[in-house]
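J.: In the order they appear, the protein sequences are chains A and B. Under the numbering used here, the residue at position 130 of the first sequence is numbered 130, and the numbers go up by one with no gaps. Under the numbering used here, the residue at position 242 of the second sequence is numbered 656, and the numbers go up by one with no gaps.
Rather than coming from a laboratory, the hints here were simulated on the basis of the structure. Ideal placement from N, C-alpha and C gives every residue a C-beta, glycine not left out. Please note that the accuracy of each hint is not assured.
[Claimed, not checked] Some chain A residues close to chain B (C-beta under 8 Å, calculated; not the full set):
| hint | residue |
| --- | --- |
| 1 | Ile12 |
| 2 | Gly15 |
| 3 | Pro357 |
[As the list claims (entries may be wrong)] Which chain A residues face chain B? A few, computed with CB under 7 Å, are given here:
| hint | residue |
| --- | --- |
| 4 | Ile14 |
| 5 | Gly23 |
| 6 | Ala26 |
| 7 | Thr40 |
| 8 | Leu271 |
| 9 | Thr289 |
| 10 | Ser301 |
| 11 | Ile311 |
| 12 | Gly315 |
Number of protein chains: 2
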Amino acid sequence: MKAEIVTIGDEILIGQITDTNSGWIAHELNNIGISVIQMTSIGDEHNKIINALNEASGRADVIITTGGLGPTKDDITKLAFCDFFKTPLIFDNESYANIERIFAERGYIMSETNRKQAEVPACCQPLLNINGTAPGMCFHKNGKIYFSLPGVPFEMKGLMTSHVIPMLRPLSNNVIIHKTILTNGVGESFLADKIKDWEENLPSGFKLAYLPQPGIVRLRLSAVGKSRESIQLEMDEQVRNLYSLVSEYIFGEDDDALEVIVGKLLNQLHLSLSTAESCTGGYVAHLITSVAGSSAYFKGSVVSYDNDVKISTLGVKNETINTYGAVSRETVIEMAEGVKRSLKTDCSIAISGIAGPDGGTPEKPVGTVWVAISTPFEKTIAKKFLFGDNRERNIRRSALAALDLLRKRLLLFQ
Amino acid sequence: MKAEIVTIGDEILIGQITDTNSGWIAHELNNIGISVIQMTSIGDEHNKIINALNEASGRADVIITTGGLGPTKDDITKLAFCDFFKTPLIFDNESYANIERIFAERGYIMSETNRKQAEVPACCQPLLNINGTAPGMCFHKNGKIYFSLPGVPFEMKGLMTSHVIPMLRPLSNNVIIHKTILTNGVGESFLADKIKDWEENLPSGFKLAYLPQPGIVRLRLSAVGKSRESIQLEMDEQVRNLYSLVSEYIFGEDDDALEVIVGKLLNQLHLSLSTAESCTGGYVAHLITSVAGSSAYFKGSVVSYDNDVKISTLGVKNETINTYGAVSRETVIEMAEGVKRSLKTDCSIAISGIAGPDGGTPEKPVGTVWVAISTPFEKTIAKKFLFGDNRERNIRRSALAALDLLRKRLLLFQ
Numbered sequence: 001m002k003a004e005i006v007t008i009g010d011e012i013l014i015g016q017i018t019d020t021n022s023g024w025i026a027h028e029l030n031n032i033g034i035s036v037i038q039m040t041s042i043g044d045e046h047n048k049i050i051n052a053l054n055e056a057s058g059r060a061d062v063i064i065t066t067g068g069l070g071p072t073k074d075d076i077t078k079l080a081f082c083d084f085f086k087t088p089l090i091f092d093n094e095s096y097a098n099i100e101r102i103f104a105e106r107g108y109i110m111s112e113t114n115r116k117q118a119e120v121p122a123c124c125q126p127l128l129n130i131n132g133t134a135p136g137m138c139f140h141k142n143g144k145i146y147f148s149l150p151g152v153p154f155e156m157k158g159l160m161t162s163h164v165i166p167m168l169r170p171l172s173n174n175v176i177i178h179k180t181i182l183t184n185g186v187g188e189s190f191l192a193d194k195i196k197d198w199e200e201n202l203p204s205g206f207k208l209a210y211l212p213q214p215g216i217v218r219l220r221l222s223a224v225g226k227s228r229e230s231i232q233l234e235m236d237e238q239v240r241n242l243y244s245l246v247s248e249y250i251f252g253e254d255d256d257a258l259e260v261i262v263g264k265l266l267n268q269l270h271l272s273l274s275t276a277e278s279c280t281g282g283y284v285a286h287l288i289t290s291v292a293g294s295s296a297y298f299k300g301s302v303v304s305y306d307n308d309v310k311i312s313t314l315g316v317k318n319e320t321i322n323t324y325g326a327v328s329r330e331t332v333i334e335m336a337e338g339v340k341r342s343l344k345t346d347c348s349i350a351i352s353g354i355a356g357p358d359g360g361t362p363e364k365p366v367g368t369v370w371v372a373i374s375t376p377f378e379k380t381i382a383k384k385f386l387f388g389d390n391r392e393r394n395i396r397r398s399a400l401a402a403l404d405l406l407r408k409r410l411l412l413f414q
Numbered sequence: 415m416k417a418e419i420v421t422i423g424d425e426i427l428i429g430q431i432t433d434t435n436s437g438w439i440a441h442e443l444n445n446i447g448i449s450v451i452q453m454t455s456i457g458d459e460h461n462k463i464i465n466a467l468n469e470a471s472g473r474a475d476v477i478i479t480t481g482g483l484g485p486t487k488d489d490i491t492k493l494a495f496c497d498f499f500k501t502p503l504i505f506d507n508e509s510y511a512n513i514e515r516i517f518a519e520r521g522y523i524m525s526e527t528n529r530k531q532a533e534v535p536a537c538c539q540p541l542l543n544i545n546g547t548a549p550g551m552c553f554h555k556n557g558k559i560y561f562s563l564p565g566v567p568f569e570m571k572g573l574m575t576s577h578v579i580p581m582l583r584p585l586s587n588n589v590i591i592h593k594t595i596l597t598n599g600v601g602e603s604f605l606a607d608k609i610k611d612w613e614e615n616l617p618s619g620f621k622l623a624y625l626p627q628p629g630i631v632r633l634r635l636s637a638v639g640k641s642r643e644s645i646q647l648e649m650d651e652q653v654r655n656l657y658s659l660v661s662e663y664i665f666g667e668d669d670d671a672l673e674v675i676v677g678k679l680l681n682q683l684h685l686s687l688s689t690a691e692s693c694t695g696g697y698v699a700h701l702i703t704s705v706a707g708s709s710a711y712f713k714g715s716v717v718s719y720d721n722d723v724k725i726s727t728l729g730v731k732n733e734t735i736n737t738y739g740a741v742s743r744e745t746v747i748e749m750a751e752g753v754k755r756s757l758k759t760d761c762s763i764a765i766s767g768i769a770g771p772d773g774g775t776p777e778k779p780v781g782t783v784w785v786a787i788s789t790p791f792e793k794t795i796a797k798k799f800l801f802g803d804n805r806e807r808n809i810r811r812s813a814l815a816a817l818d819l820l821r822k823r824l825l826l827f828q
């Protein structure tokens, strides 16, 4: 079963935004054994949409379009679909009720323009979009299936997960399974050297991909077969072998996020957490509180960007900063113990470093970061990291390193 | 003059990497007045490449392909071009000298596989790639121009800048200019209603696009003309008219970020800032500190996720929380004043809300957010917002709403 993805919107063609939707959709389709054979981006133009639909349906069984479903004049996808399927627009009550609900929740007044979003091509099956006002649409013609989804990634993903994938899964006759192993703190080429022999001897139908992100390398192992049973056992075996080679760098699997794993550990151990952040500027607290339910273990954070705040709010000693500097083992340990005391928590994370681009010295270059972890089980520990000279990546890598260090300490006492 | 971009490589189609090349190329072509009418991604397959070249040359004057020029056996773009142009591969001495130079510089031994990279289709003009071993290629046929570039972004960009743009610039007879206006706090359809008449009466060659993101709608006005002079004045005039209609929602232009604009205002006014965050969990502090140089005005933040921290560290009164609740005008004002006092800053932002998914009540549903702004110029103000029920978006929208509210108050006293 083959699919094509058509992205509709001038903003892609002028290079204003990067199309991340197509890659995400391709990944989801791959997961259920459907290959994507082409991705196409076109502008908000009637004839271009018709042509793209014609060409795509000549090659693929499934055609998924995104974009052009907004309430404004430049959003013309619905009319193009009407023309392609020779069908009029009709008013859909269920879609209208959804739009009403969204406006009521946000306390906005609905306009005539919004009412029009409830109109859909007569021959389509509207797909309820709980995250937005534009309904998704599904069409069938000559054995091909067409989906039209909004371009807003959040809405597109909701519809893919709730409607498109459940509709397509039973139609696919191949199974692709993936297992992703998440590592922190080592580079791609280091891992590649460590697992070289294993990778070269993978059975046929198995494929490894390295997916690096700042601070994290994901190793994705994929296997293709006629049934899940035929490949799952071999997959489990290969993953066990991979663990035996690089277990010390692995922090999770698949969609595990470090902040979720740490939260689960804290919950299990009935421990509370606070953070004291300098160079990460609240990013660790943000990651932790991005997890629903984090208020069960997270009490708060002191972002001590200024040294005065380290002293007044965290109780770091003036002389510690004067003697060792704000980016030092001594300061970061006092920060960790200070926030733990002040916010009355069992555990704490403290981070102080030089995110850049300025502030580096020969002894402490940009990218120097100290992390301290305090738990009820042992003396506060501290560790120094050297990251690169990119501010955004330093912040991200520091936060991940700190969360992973807390995870490792908690595991010792689980 | 119209262009199409064809990306060749399986890694895009399985969603493993995002195609950022096409957007970059489109942006460069736009700058010299060439519109991109379609982008296509296909796999490393001979027939797919031939088909894509046939289709693209039926629509566009310029066809740029990237990818498939590497030394390994899955890189088949060159052979496909030979087939498409009915021409054999020949050995190119200049390309070979470049490969030799690169291997010598890196201290590697050249293999037979690398030697083959110096072979190019006989009818092409090879383009010297100083950043890599694969030469770029230019072809002319039936009045159309074809470029084949490597997929490595760094090499592709080098060839675009040194060869492709200089070759195409004299052939283009159009100029395209863009202006993007950034709005916060109102929806796409609300804006569309407000500017309906203006939009409908835009001069010919002008086009408006709505580009929504969580909490932000970007309005991009594009104009095509024969020369920059002929359209720039009209563009300025149209942008002024747009401002007069929706100025209260506009916070910036083009690539402006709210956190950068707020930082500039604070610097200008010589004011320092702190934040007290509950539901945003440090995200406002993270946005502010993502800006290099923010330590000049940002002192720190207290993330008071737990009510005890609101009381002990921010000095919010116990009875305020008991009487009005943690998510209330009264509490958020005490938070703002508390953090300002405690961190000794001129200004502060405080946020308390229900990010969800749990914690909502009939009176205070998920998405209810109170923001307070304290400055030296006036009494602390507070404003209530109602966002939707998605945690991630609520956090983002709350943070943007708070930054925009601070921006508006500062502007009054600039």
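J.: Does each hint hold? Answer for all of them.
T.: These are the hints, each one checked on the structure:
1. Hint status for Ile12 of chain A relative to chain B: holds, with the closest Cβ pair at about 7 Å, below 8 Å.
2. For Gly15 of chain A, the interface hint holds, the least distance from its beta-carbon to any beta-carbon of chain B being 3 Å, beneath 8 Å.
3. Of the supplied interface hints, the one on Pro357 of chain A holds, with its beta-carbon coming within about 5 Å of a beta-carbon of chain B, less than 8 Å.
4. Given the 7 Å rule on beta carbons, the hint for Ile14 of chain A holds: about 5 Å separates it from the nearest Cβ of chain B.
5. With 7 Å as the threshold, the beta carbon of Gly23 of chain A comes within range of chain B, its nearest partner Cβ sitting at about 4 Å, so the hint holds.
6. Interface restraint check: Ala26 of chain A against chain B, minimum CB-CB distance 4 Å, threshold 7 Å, status holds.
7. For Thr40 of chain A, the interface hint holds, since its Cβ comes within 7 Å of a Cβ in chain B; the closest pair sits about 5 Å apart.
8. Given hint, Leu271 of chain A at the interface with chain B, is violated; its Cβ is 14 Å from that chain's nearest Cβ, farther than 7 Å.
9. Because the beta carbon of Thr289 of chain A sits about 3 Å from the nearest beta carbon in chain B, less than 7 Å, this interface hint is met.
10. With 7 Å as the threshold, the beta carbon of Ser301 of chain A comes within range of chain B, its nearest partner Cβ sitting at about 4 Å, so the hint holds.
11. Against a cut-off of 7 Å between C-beta atoms, the interface hint on Ile311 of chain A is violated, since the closest Cβ of chain B lies about 11 Å away.
12. At about 12 Å, the closest approach between the beta carbon of Gly315 of chain A and any beta carbon in chain B exceeds 7 Å, and the interface hint on this residue is violated.
Comparing the model with each earlier hint shows violations of hints 8, 11 and 12; every other hint is respected.
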